[in-house]
Structure formats: C-alpha cells, structure tokens
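Let chain A serve as the given structure and place chain B with the ligand on it in line with the hints.
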Amino acid sequence: MPKDGGIGASSKRREDIRFLSGTGQYTDDINLHGQAYAYFLRSDVAHGKINGIDTSAAEGMPGVLRVFTAKDFDGVGGIPCGWQITSIDGQPMQEPKHPILAEGKVRHVGDPIAVVVAESLAQARDAAEAIMPDIEDLPAVMDMKAAVQEGAPKVHDDLTSNLCYDWGFVEDNREAVDQAIKDAAHVTTLELVNNRMVANPMEPRVAVGDYAAHSGESTLYTTSQNPHVIRLLMGAFVLGIPEHKLRVVAPDVGGGFGTKIFHYAEEAFCTFAAKQLRRPVKWTSSRSEAFMSDAHGRDHVTKIELALDADNNFTALRTETYANMGAYLSTFAPSVPTWLHGTLMAGNYKTPLIYVNVKAVFTNTVPVDAYRGAGRPEATFQLERVVDKAARELGVDPIALRRQNFITEFPYATPVAVEYDTGDYHATMDKVLEVSDHAGFEARAAESKKNGKLRGYGIAHYIEACGIAPSNLVGQLGARAGLYESATVRVNATGGIVVMTGSHSHGQGHETTFAQVISEMIGIDADQVEIVHGDTARTPMGMGTYGSRSIAVGGSAMVRAAEKIINKAKKIAAHLMEASEGDIELKDGAFTVAGTDKSVAWGDVTLAAYVPHNYPLEDIEPGLEETAFYDPANFTYPSGGYACEVEVDEETGRVEVMGFTAADDFGNVINPMIVEGQVHGGLAQGIGQALWENCAYDEDGQLISASYMDYAMPRSTDLPMFKVDHSCVTPCTHNPLGVKGCGEAGAIGSPPAVINAVIDALHRGGYDVPHINMPASPDRVWAAMQGAKANMGAAQPAARSTDTAEGRSV
Amino acid sequence: MAGAQLGPAASIGIEKMYDFEFDRPTSIQAAVDSLKTEEALAFSGGQTLMPTMKQRLAMPSKVVSLSAIEEMKGVRVEGSELWIGGATTHATVMRETAESYPAISSLAGRIGDPSVRSRGTIGGSVANNDPSACYPAGTLASKGVIVTDRREIPADEFFQGMFMTALEEGEIVTAVKMQIPDAAHYAKFIQPASRFPLTAVFVARYGDGVRVAVTGASESGVFRWTEAEEALSGNFSAEAVDGLATPDGSGMISDLHGTGDYRAHLVKVMTKRAVAAC
Ligand SMILES: Cc1cc2nc3c(=O)[nH]c(=O)nc-3n(C[C@H](O)[C@H](O)[C@H](O)COP(=O)(O)OP(=O)(O)OC[C@H]3O[C@@H](n4cnc5c(N)ncnc54)[C@H](O)[C@@H]3O)c2cc1C
Numbered sequence: 000m001p002k003d004g005g006i007g008a009s010s011k012r013r014e015d016i017r018f019l020s021g022t023g024q025y026t027d028d029i030n031l032h033g034q035a036y037a038y039f040l041r042s043d044v045a046h047g048k049i050n051g052i053d054t055s056a057a058e059g060m061p062g063v064l065r066v067f068t069a070k071d072f073d074g075v076g077g078i079p080c081g082w083q084i085t086s087i088d089g090q091p092m093q094e095p096k097h098p099i100l101a102e103g104k105v106r107h108v109g110d111p112i113a114v115v116v117a118e119s120l121a122q123a124r125d126a127a128e129a130i131m132p133d134i135e136d137l138p139a140v141m142d143m144k145a146a147v148q149e150g151a152p153k154v155h156d157d158l159t160s161n162l163c164y165d166w167g168f169v170e171d172n173r174e175a176v177d178q179a180i181k182d183a184a185h186v187t188t189l190e191l192v193n194n195r196m197v198a199n200p201m202e203p204r205v206a207v208g209d210y211a212a213h214s215g216e217s218t219l220y221t222t223s224q225n226p227h228v229i230r231l232l233m234g235a236f237v238l239g240i241p242e243h244k245l246r247v248v249a250p251d252v253g254g255g256f257g258t259k260i261f262h263y264a265e266e267a268f269c270t271f272a273a274k275q276l277r278r279p280v281k282w283t284s285s286r287s288e289a290f291m292s293d294a295h296g297r298d299h300v301t302k303i304e305l306a307l308d309a310d311n312n313f314t315a316l317r318t319e320t321y322a323n324m325g326a327y328l329s330t331f332a333p334s335v336p337t338w339l340h341g342t343l344m345a346g347n348y349k350t351p352l353i354y355v356n357v358k359a360v361f362t363n364t365v366p367v368d369a370y371r372g373a374g375r376p377e378a379t380f381q382l383e384r385v386v387d388k389a390a391r392e393l394g395v396d397p398i399a400l401r402r403q404n405f406i407t408e409f410p411y412a413t414p415v416a417v418e419y420d421t422g423d424y425h426a427t428m429d430k431v432l433e434v435s436d437h438a439g440f441e442a443r444a445a446e447s448k449k450n451g452k453l454r455g456y457g458i459a460h461y462i463e464a465c466g467i468a469p470s471n472l473v474g475q476l477g478a479r480a481g482l483y484e485s486a487t488v489r490v491n492a493t494g495g496i497v498v499m500t501g502s503h504s505h506g507q508g509h510e511t512t513f514a515q516v517i518s519e520m521i522g523i524d525a526d527q528v529e530i531v532h533g534d535t536a537r538t539p540m541g542m543g544t545y546g547s548r549s550i551a552v553g554g555s556a557m558v559r560a561a562e563k564i565i566n567k568a569k570k571i572a573a574h575l576m577e578a579s580e581g582d583i584e585l586k587d588g589a590f591t592v593a594g595t596d597k598s599v600a601w602g603d604v605t606l607a608a609y610v611p612h613n614y615p616l617e618d619i620e621p622g623l624e625e626t627a628f629y630d631p632a633n634f635t636y637p638s639g640g641y642a643c644e645v646e647v648d649e650e651t652g653r654v655e656v657m658g659f660t661a662a663d664d665f666g667n668v669i670n671p672m673i674v675e676g677q678v679h680g681g682l683a684q685g686i687g688q689a690l691w692e693n694c695a696y697d698e699d700g701q702l703i704s705a706s707y708m709d710y711a712m713p714r715s716t717d718l719p720m721f722k723v724d725h726s727c728v729t730p731c732t733h734n735p736l737g738v739k740g741c742g743e744a745g746a747i748g749s750p751p752a753v754i755n756a757v758i759d760a761l762h763r764g765g766y767d768v769p770h771i772n773m774p775a776s777p778d779r780v781w782a783a784m785q786g787a788k789a790n791m792g793a794a795q796p797a798a799r800s801t802d803t804a805e806g807r808s809v
Numbered sequence: 000m001a002g003a004q005l006g007p008a009a010s011i012g013i014e015k016m017y018d019f020e021f022d023r024p025t026s027i028q029a030a031v032d033s034l035k036t037e038e039a040l041a042f043s044g045g046q047t048l049m050p051t052m053k054q055r056l057a058m059p060s061k062v063v064s065l066s067a068i069e070e071m072k073g074v075r076v077e078g079s080e081l082w083i084g085g086a087t088t089h090a091t092v093m094r095e096t097a098e099s100y101p102a103i104s105s106l107a108g109r110i111g112d113p114s115v116r117s118r119g120t121i122g123g124s125v126a127n128n129d130p131s132a133c134y135p136a137g138t139l140a141s142k143g144v145i146v147t148d149r150r151e152i153p154a155d156e157f158f159q160g161m162f163m164t165a166l167e168e169g170e171i172v173t174a175v176k177m178q179i180p181d182a183a184h185y186a187k188f189i190q191p192a193s194r195f196p197l198t199a200v201f202v203a204r205y206g207d208g209v210r211v212a213v214t215g216a217s218e219s220g221v222f223r224w225t226e227a228e229e230a231l232s233g234n235f236s237a238e239a240v241d242g243l244a245t246p247d248g249s250g251m252i253s254d255l256h257g258t259g260d261y262r263a264h265l266v267k268v269m270t271k272r273a274v275a276a277c
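Line by line, the protein sequences are chains A and B. Take the first sequence: its letter number 207 is residue 206 in numbering that gives the first Met the number 0, and every next letter is one higher. Take the second sequence: its letter number 11 is residue 10 in numbering that gives the first Met the number 0, and every next letter is one higher.
Chain A with its partners taken away, still in its complex shape:
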C-alpha cells in the first residue's frame, strides 16, 4: 500500500500551487520603492584592449543617474574563486583577477564594459548605446591545445600562460599506470569532446540591491542556489561588507542547474551601486544576455585509454583532459574537472590503477563552471564510451564486459581517493535490462528495419558522488569553504513547526519533502510544518543546494535538529505524566508511557514548553527550538543502469529516441514522485546534451549559438515516455535517513547511453563508426556514415574542421 504521508509517500508538491498559479515570488517580482534600473554594456568582441571608454554623452542622457566603468571600482575586490587546485609541480593554479567590470581588456563576448543606472530600463539602454568604448581587437584564444603552446596570445597578460593548472591524479600511480598500459593484452583508446552547454534555467538571473541608510545594512535579492555563500563571498571578498550588515535573499528561484551557484558581477554591482546612489538598483537578465553571461558547463576534450588483460579484466585507465575555464575563474570552476571528475574515474569498476591528467585552460569564452552533474557526467561519458568501444573491439558483449569488472564488495576504496560505502551494480543492471525489455530488442530491431530504420540499444552504468561533502576532506582538496549544512527547527507553542534550512529549493520540492520527514518523525500532519529557506536573515548559515546534497546533508541536519527537539519534548512529557524519561514513546503525535495508558498530545507538550507553569525548569530551559549543523562523514554514491533505444534514419542521419529506461539506486527515497520528476528532468538534459544542445563559438570567439534559434533545447515531443525505476535500494550507511540524492543522476548516466545506442545502430547498419561527438546531430551522424562508407574510419566528424571552429581542439 502506498503511504499517503510521511517518508515514502508521493505527496503532491505544495509549492506548485503558487508556481502554477502565478503567485510565486521570484526575484523579478521584487520591486522596491524608488528603484532604478541597471543596463550592462557588454563586449561584442571576444578579446580586445580597452583604450578608453567615453561615457560623457551617456551621462547627459535623460533619466541617467550614473554611468559606471572599472575605474569606479578602485579598492573593490574581484569576484573570488572558491577552490584552489595545485598543479603537478606543486604550484598553486594561476588565478587571474576577475573584475566586476572589464579592466584594461575585454576577454569574452558578453564581458561587461560599463553599466548605466537610470530611472527606467529604456533610458538605461538608450544611454548605454551612447557610450563609446575604444576597443582594439586582439586575436581570440579559442582552441585549448593551441592556447597552451609557446607564444600563444594570452587571455591574461599578467599570467605566465593560458594554463590555469596541470593536475595529475593520483601522481604516485602514474608510473604504474604507464607500465600496466604497456603490459596490457589490449588497450582501447578514445578521443572525445564533452560539448559546452548553456544551463538555460527557465528564470533568467536577476539582482536587486538595496541599502538602508538608517541602519547601514545592505540587502541583495538574487536568483541564487546558495544565499549564504553569496553573502560570504561578496561581503568578505568583493565589497568589504561585514556579514552582519548584509542580507542576501534568494526567494522563489526558477531553476538553477548549477549556473545559479556562483557569485556573479551583477550581484556585486547592484549591491554596490545601491549604496553609492542611495537607491535600490535592479538588473534583470534578458535571455540573450543569459547566453553570454551565465556560466557555461562541460567543454572538455579528452583522450582516454583503457587497458585490459587477456581475460578482459580492466587493468589500468589513463586520461588526459583539456578543460575549458573560459576567460575568468568562476566560483567553483577549478574543482569541476579535478575533484568532481577525477575521483569518479573508477566508475563501477575495480580497475586497480588509474591516472587522470587535467589541463585547465583560459580562453576568450564565457567562464565555465558546474552544470547539473558537474564533472561526473564528463567522467561517466568517457568511461562508459571507452568500455563500449573496448567491447566492440574485443567482440564481447558490452553488458558482460561491464558485469565482469563490476565492484561487488563494499566498502570499496577506489584508486582515486574515494570509498564507496555501498551499492549493488548487478542489481541495477538486472533491473535496467528487465524494465527496458532487453530480451525483446532484436524483435524490435527487426521491426525497425522493416520500416527502413536502424535501431540500436545502448547501455551505461554510472556511479556518482553526491552529498558534498566532508569539510575536512574538501579542505585538503583546496575548497575555500566548509560543506556542512544547517537547520533550525522551531516548534511554536501551539505545536506547529517551522524548519529553517540552509538548503535552497529552486524547483526540487524541498517544501514538500522536508515536511514529509518531520511529519514522519513526529507523527503530525505535514501541513503543520513550514519550510523556510533562501534568506540569510531567517536561516542559519547554510551552504545551499547543488551536487544533490539537499536531502543527504541538509535533510540530515534537519533530522539531527528534530531529534534534539524530540529528546527535549520527551523530558517535558515525562514531567507532565510523572514518568521516567526512558519510558516515553512518541508515536502519531502523542507521547505515551510504555506499559501504561498515560498519554499527552504533542500540542500539550509544546504549549508547556512556552507556558512553563508545570515544567521542569530546574533541568531544562523553556522553549522548543534547536539548531544542528551536519557535516557528512563521506560522499553518498548513487548508481544505476541506463538503457537507451534509438532509431537512426539512414538517409538523413536523424536520431530518434524510442525508449529510455533508468534503474537507479538512490538509497531510501522520501517522495517517489518527486524523485521520478528529478530523473525525468535530468534525462531530458542528458539526452539534450547527447543529441541537440551545443554551445558553439567560431574562431573569432563569436558565440554562434546565442539564442534558441541555434541552441537546441529538448522539447517534450522529442522524448519518449521514460521508464524510471528506483526499487534497487542499498541505503547509504552514514547518514540518518540512508539517502543518497537523485538530482543529477539523469544528466550523468544518459549521454553515454544515447551515444552507445547510436553507435550500436550504425554498426547494425554496417557502418563502422567508432565514435560520434555530442551532439549527435543529423548532419554529424550522416557525415559519420559517409565517412564509414568511404572507409575513412575514425576520420569522420570528430576531425572535421568545424569542430575547431566550435572552440574545441580535437
């Protein structure tokens, strides 16, 4: 019987009522009295020297309050980077200044040059057109491999080169890995691109800065996944405002997908300008602006080599990745290709020796940072593609090859520094084969063939690390932050509960799921529980939501705080019933004394806490409010088997997804419906990356895919009905709810499943195509088939000249 409340129930999302009825309170809905508008003049060239900016005409235009350029930010800090990586040679990464407005040079299309603040947006925009920047074009640095050559033009003149860092992991394993690859019976090599993505949340970014002269307090309303992180970064490093004089509010946020984690120049600008002008200042990104100012995702170029012994056991893995940082270091950019990527290279396999090399490179492009999955999709794509290619080269079944190398004993310490606590990969593999009706595939393939289509079946099995993360560990790895989470549980006199969490919901449904947990623990209705988030003035210091950490870390903090509440409430109940504390039980919202029929209701106890007339004042304080900070002992490791079935139209190269199955092990599940929704969204983004989405630049650094006319978002009609299963459960061993997190799995596991299916379909059609780079758009698939026909082997699309034009260096 499905439950109708508490943990495990598919409770309807309470927040959807306001989202769907237009009563949500998004940042753009916030309009303060006397508010002025900011318009950013952005560079239309990728790289140029700023010889001067003439703002005089603009300053005299109607409604203009002030025009800002870099010189107005003397003494103001740059946008800080939150993670430091150390290179193989022991040197810290090169960390260029990231000014609020371009200083001396513009470094990417979209780099802000000046800002006009005016009475209206139209006036600000009119005035911005009257600003005359004198910019001398410089050659654009686009191709990562060329960028790190001697003598290449530099994005930052004060750095020694365009190389941010050269990271080796685990350096001590390097020689053994090289040796194992030399000694291998078979080595499969694959060069591939992980295409650059634009996150495209439905709500573009918005910032409203406000300054209260009477209290000296600044407030920033912003579209953020982590208001406390913004408060810390912006307050301490950029504007020099102490945290007690700065409030950051992230109200309803319409999707983030990672790109709203980071601290952006526009946030600092609006906060700064509001104080300067003594007026609230608002900026709302247009969609076009979002394409060139929101941090992008992915953009890796990788060579991966998998070594196998004569019995097809994996013996070693070696990768070399060029990771695009863009023009500046976004908040968590350096961590994505390193710790969030290298540590996952073992996948589900007991490969004993692994070496990962990552060269992070500055280019004249929009900064690149975490995007749904962040590093883990890149790792999974390489690994699951190379395993499939190895199976094909060896003539063995790709499923059997995976199974043979699966890790089966837990805990398992990988050679890349992490320890998987639990998992059962055979179970999820069995499940995905069953649910996707793998057995019936040949019949479906024959049917497709009758209709003139090539059908393919692709499998991928992923592992990911969620619930970031043990603070002491990430500190050693270079994080400049702790990654605990916090919660305050406040019980009111009449029994209702307010949970103030440091996690932030921007579509995930925390207001529903967090309330389900409290409802289960105390035995009261979920509608007695209010979840408050997204406001530094109302919640304890929290690190926010990303990396599927909310239930695993934020939920754990809430459970710890609720446990403290329950313990104290039991003491009060014991006093009221004149029983011993150890005999008190809490069930269905009532306290009872074991072995008696004595009982007091939840509300009687909460009332006693605030009206302590009959109360053990000598032992405990009045009130019922507790805070907990939870620092996880380990990451959590969701895993799963994904199967994709495609049809390829041989004449046009068009790929259609005919079926997609996800069998995930998320540990315990709080709300199955919400989990399913998270997987659906992740799959749409992963399939989108594999087949359609592509952020492309030309050689001059112009963004070609700068709107939805050229950037292909997946639509519901492009996707099949997904089959999503999460019945395979190995509960996490180290957090109180046994949960692992589900927010990114879909985007991590699906791209390789799709490409494996496309390659399978082509091989079934007689086309010997070893690999196709994402997105496997019709023209690329067609070109690959033509290449295979002409016996060009690997000399197909990956090597086409247009790939370099897209800013990649294959």
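These are calculated hints, taken from the structure and not from any lab test. Yeah, the Cβ is synthetic: ideal placement off N, Cα and C, and Gly gets one too. Among the hints, erroneous ones may be present.
Stated by the list, open to error - Which bits of chain A does chain B cover? Going by a derived footprint, with three or more residues having C-beta under 8 Å, they are: (1) 107-121; (2) 217-230; (3) 707-721; (4) 776-788.
As the list claims (entries may be wrong) - 30 Å max Cα-Cα, derived DSSO-like pairs, lysine-lysine: (5) B:Lys-142 <-> B:Lys-176; (6) A:Lys-144 <-> A:Lys-302; (7) B:Lys-61 <-> B:Lys-176; (8) A:Lys-274 <-> A:Lys-302; (9) A:Lys-104 <-> A:Lys-70; (10) B:Lys-72 <-> A:Lys-788; (11) A:Lys-449 <-> A:Lys-722; (12) A:Lys-722 <-> A:Lys-11; (13) B:Lys-142 <-> B:Lys-72; (14) A:Lys-104 <-> A:Lys-274; (15) B:Lys-267 <-> A:Lys-448; (16) B:Lys-53 <-> A:Lys-449; (17) A:Lys-448 <-> A:Lys-788; (18) A:Lys-2 <-> A:Lys-722; (19) A:Lys-788 <-> A:Lys-449; (20) A:Lys-144 <-> A:Lys-96; (21) A:Lys-597 <-> A:Lys-563; (22) A:Lys-104 <-> B:Lys-176; (23) B:Lys-72 <-> A:Lys-104; (24) B:Lys-15 <-> A:Lys-274; (25) A:Lys-48 <-> B:Lys-15; (26) B:Lys-15 <-> B:Lys-61; (27) A:Lys-104 <-> A:Lys-153; (28) B:Lys-15 <-> A:Lys-70.
Structure of chain B with the ligand alone, referenced to chain A:
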C-alpha cells in the same frame, strides 16, 4: 508613447525597443498612405519583426499594423484557385485549407508553435522571404501569384534571393494566390533548434507538369529544382528522383546545423519523400 496603444509594456518587452509611432489602419489604402512616412514599416504578425525590434536591430519611425484590415484576411477557393489574404494567420490557413489544399494546411500547421501560428501571417512570411521559411516553397511550387496593393507578381519573379523580393518601398502584400494541384506534399526536415526547415521540399503535381520548390538549402533562398521537375513530369515516382544527381552543394548554406553537402543531400531525400507521400 507607443506602449500605451500596445497594451501593458512589460508583457511584450516594449521597453527594450526604440520608440516608434504606431498606426493601425483599417483599409489597404489607409495602410499604403500611412507607410509613406519615412522609415515606416509594415507590421503583420510581428513574429519576425518583433524580436528584431527587441534586439534593436530595426528602428522604424512608425509601425503600421496590418492586423485590422479585414479585406486582407481570410481564405477563399474559386475553382482551382486558392486566395489567402495577406494578413491571414498560419492557424487560420491551417484550419481553412484542410479540405481544399491539405498540403498547404499541413505546411501552415507545422510552422513554429501555436502562439507563432496564431500571430504570424502568410503576407509577413512571403514579404520577409527568409531563406528557411516554409511559405515561399509552398507558394513557388503552387504556381503562386503575390497580390499587392498595386500589382500582381508571379512567385517566380517575386522571390529574388535571401530576404529579397520584388516588393517596392511601402508596397503591401495583400493576398497570395495559388493553383490547387492534383496532388502535393511538403516534406520538412527541421533544424533542431529553431524548427524552421533545415531543408524542406514542396512538390506539386499538375496536369501539365510537376513543380518542386526547395527552401532552407540555398544561399539564394527558395528555388525550383528543375532537374527533378523534368524527371517527375515524365515519371512521377520516388525512383525518378533516385536517378538524379544530387544538386551541387557549393551554393548551399553551411552553418552550425549542416554543411552545404548535407543540405544538398537532403534536397534529394526530401524530394523523394514528398513524392512518395503524394
Ligand atoms: C519560434 C518561431 C518559429 C518559427 N518557425 C517557422 C517555420 O517553421 N517556418 C516558417 O516559415 N516560419 C517560421 N517562423 C516565422 C513565422 O512564420 C513568421 O510569422 C513569418 O516569418 C513572418 O510573418 P509575420 O506575419 O509575423 O510578419 P512580421 O514579423 O510582422 O513582418 C516580417 C517582415 O515582413 C514585412 N511585412 C509583414 N507583412 C507584410 C505585408 N503584408 N506586406 C509587405 N510587407 C510585410 C514586415 O515589414 C517585416 O519586415 C517562426 C517564427 C518564430 C518566432
């Protein structure tokens, strides 16, 4: 203020545009007169013009809406001729040609999405002559004639290259006429982002021959593939297309979504599919 007449400013993003005058005449003659103002622009469904204005790529002094001119709206069938008013929306064409000319109905029904179809018009589409637009192909293949406020122009002379037409300054497309063929089909292969044609082919079979019009492919805009027309006029079958050489890819559009060679290849595939579906 322009915003006052167009409704709540925020809802259409008018604060992003340059200021302009706005006129909404109710007759063709009044529109022609209104368009005599320097830098005035006709505005039909706005599905092309509005984004251009929001990006400040167009700076009309005056916007003359054609949407209140009843004589430019509607669909009529007179014998074998189909008359579509220039200000008729794609949605109306889709509905009202479903029986008289299903291939045109299907073309109209696959343009953009429901909101684009209930605003965008055939007059705007042919006047704009986007190299990837659908109507130019349908019109050219259907022995179309473009009716304006001052003359009638055969489609063969009207479409003159990428975004270029025979229209003079201030000339308004008041209607498009087509000859209803014995059989026709529009085969559209979409560009995955915009969902405009990456390459699309409209094939129409008449008693006196076959017309094949191609959009999305050529750098010179919509064109008739005459080799295919000749072959199909003799033998109306997919095999007849098979026997043809693929058109030359060198004059074809090459972009992020496909090379010229790929588009040339698609011309042939889509022609074959259109014929097979006729
Ligand atoms: C998301 C989206 C998807 C689309 N997909 C497709 C598609 O798949 N296929 C396709 O063909 N089109 C597509 N379009 C374009 C759409 O069909 C437009 O409606 C059409 O191109 C222009 O028509 P309009 O009435 O909106 O013209 P407007 O935008 O009002 O005007 C366009 C131009 O034509 C001029 N003009 C307008 N009407 C007249 C007239 N009667 N006489 C003279 N000049 C005139 C205007 O001055 C302007 O220069 C799409 C558009 C969008 C926004």
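Each hint tested on the structure:
1. Under the rule that three or more residues need a Cβ within less than 8 Å of chain B, the assignment of the region 107-121 of chain A holds, with 3 such residues.
2. For the region 217-230 of chain A, the stated coverage by chain B is not satisfied: 0 residues place a CB nearer than 8 Å to a CB of that chain, which falls below the threshold of 3.
3. Counting residues of the region 707-721 of chain A whose CB lies closer than 8 Å to any CB of chain B gives 6, so the stated coverage by that chain holds, three being the minimum.
4. Coverage of the region 776-788 of chain A by chain B holds [criterion: at least 3 residues with CB-CB distance below 8 Å; count 5].
5. A distance of roughly 8 Å separates the Cα atoms of Lys-142 of chain B and Lys-176 of chain B; the hinted pair therefore holds under the 30 Å criterion.
6. Pair hint Lys-144 of chain A plus Lys-302 of chain A holds up; C-alpha atoms about 13 Å apart against a cutoff of 30 Å.
7. Taking the CA atoms of Lys-61 of chain B and Lys-176 of chain B, the gap is near 29 Å; set against the 30 Å cutoff, the hint holds.
8. For the proposed pair Lys-274 of chain A and Lys-302 of chain A, the alpha carbon gap of about 50 Å is over 30 Å, so the pair is violated.
9. Note on Lys-104 of chain A and Lys-70 of chain A: the hinted pairing holds, with a Cα-Cα distance of about 13 Å set against a maximum of 30 Å.
10. In summary, the hint linking Lys-72 of chain B to Lys-788 of chain A is not supported, as the alpha carbons are separated by about 52 Å, beyond the 30 Å threshold.
11. Taking the CA atoms of Lys-449 of chain A and Lys-722 of chain A, the gap is near 25 Å; set against the 30 Å cutoff, the hint holds.
12. For the hint linking Lys-722 of chain A to Lys-11 of chain A, the alpha-carbon distance of about 20 Å falls within 30 Å, and the restraint holds.
13. Proposed proximity of Lys-142 of chain B and Lys-72 of chain B is supported: the alpha carbons are some 21 Å apart, at most 30 Å.
14. This hinted pair checks out: Lys-104 of chain A and Lys-274 of chain A have alpha carbons roughly 27 Å apart, not beyond 30 Å.
15. For the hint pairing Lys-267 of chain B with Lys-448 of chain A, the CA-to-CA distance comes to about 22 Å; that is within 30 Å, so the pair holds.
16. A threshold of 30 Å between alpha carbons decides the hint, and for Lys-53 of chain B with Lys-449 of chain A the separation of about 49 Å lies outside it, so the pair is violated.
17. Among the hinted pairs, Lys-448 of chain A with Lys-788 of chain A is consistent with the structure: their alpha-carbon atoms are about 19 Å apart, no more than 30 Å.
18. At most 30 Å may separate the alpha-carbon atoms for a hinted pair to count; Lys-2 of chain A and Lys-722 of chain A meet this at roughly 22 Å.
19. For the given pair, Lys-788 of chain A sits about 22 Å from Lys-449 of chain A by alpha-carbon distance, which is consistent with the 30 Å threshold.
20. The suggested pairing of Lys-144 of chain A with Lys-96 of chain A holds, with an alpha-carbon distance near 23 Å, which does not exceed 30 Å.
21. This hinted pair checks out: Lys-597 of chain A and Lys-563 of chain A have alpha carbons roughly 23 Å apart, not beyond 30 Å.
22. Only pairs whose Cα atoms come within 30 Å are accepted, and Lys-104 of chain A paired with Lys-176 of chain B is rejected, the gap being roughly 56 Å.
23. Between Lys-72 of chain B and Lys-104 of chain A the CA atoms are separated by roughly 54 Å; this puts the pair beyond 30 Å, and the hint is violated.
24. With a C-alpha separation of about 26 Å, the suggested pairing of Lys-15 of chain B with Lys-274 of chain A holds against the 30 Å cut-off.
25. For the given pair, Lys-48 of chain A sits about 29 Å from Lys-15 of chain B by alpha-carbon distance, which is consistent with the 30 Å threshold.
26. Distance restraint check for Lys-15 of chain B and Lys-61 of chain B: the Cα-Cα separation of roughly 16 Å lies within the 30 Å cut-off, and the hinted pair is therefore satisfied.
27. Distance check on the hinted pair: Lys-104 of chain A and Lys-153 of chain A sit about 11 Å apart at the alpha-carbon level, within 30 Å; holds.
28. Between the alpha carbons of Lys-15 of chain B and Lys-70 of chain A the distance comes to roughly 28 Å, so the proposed pair stays at or under 30 Å and holds.
The earlier numbered hints that this structure contradicts are 2, 8, 10, 16, 22, 23.
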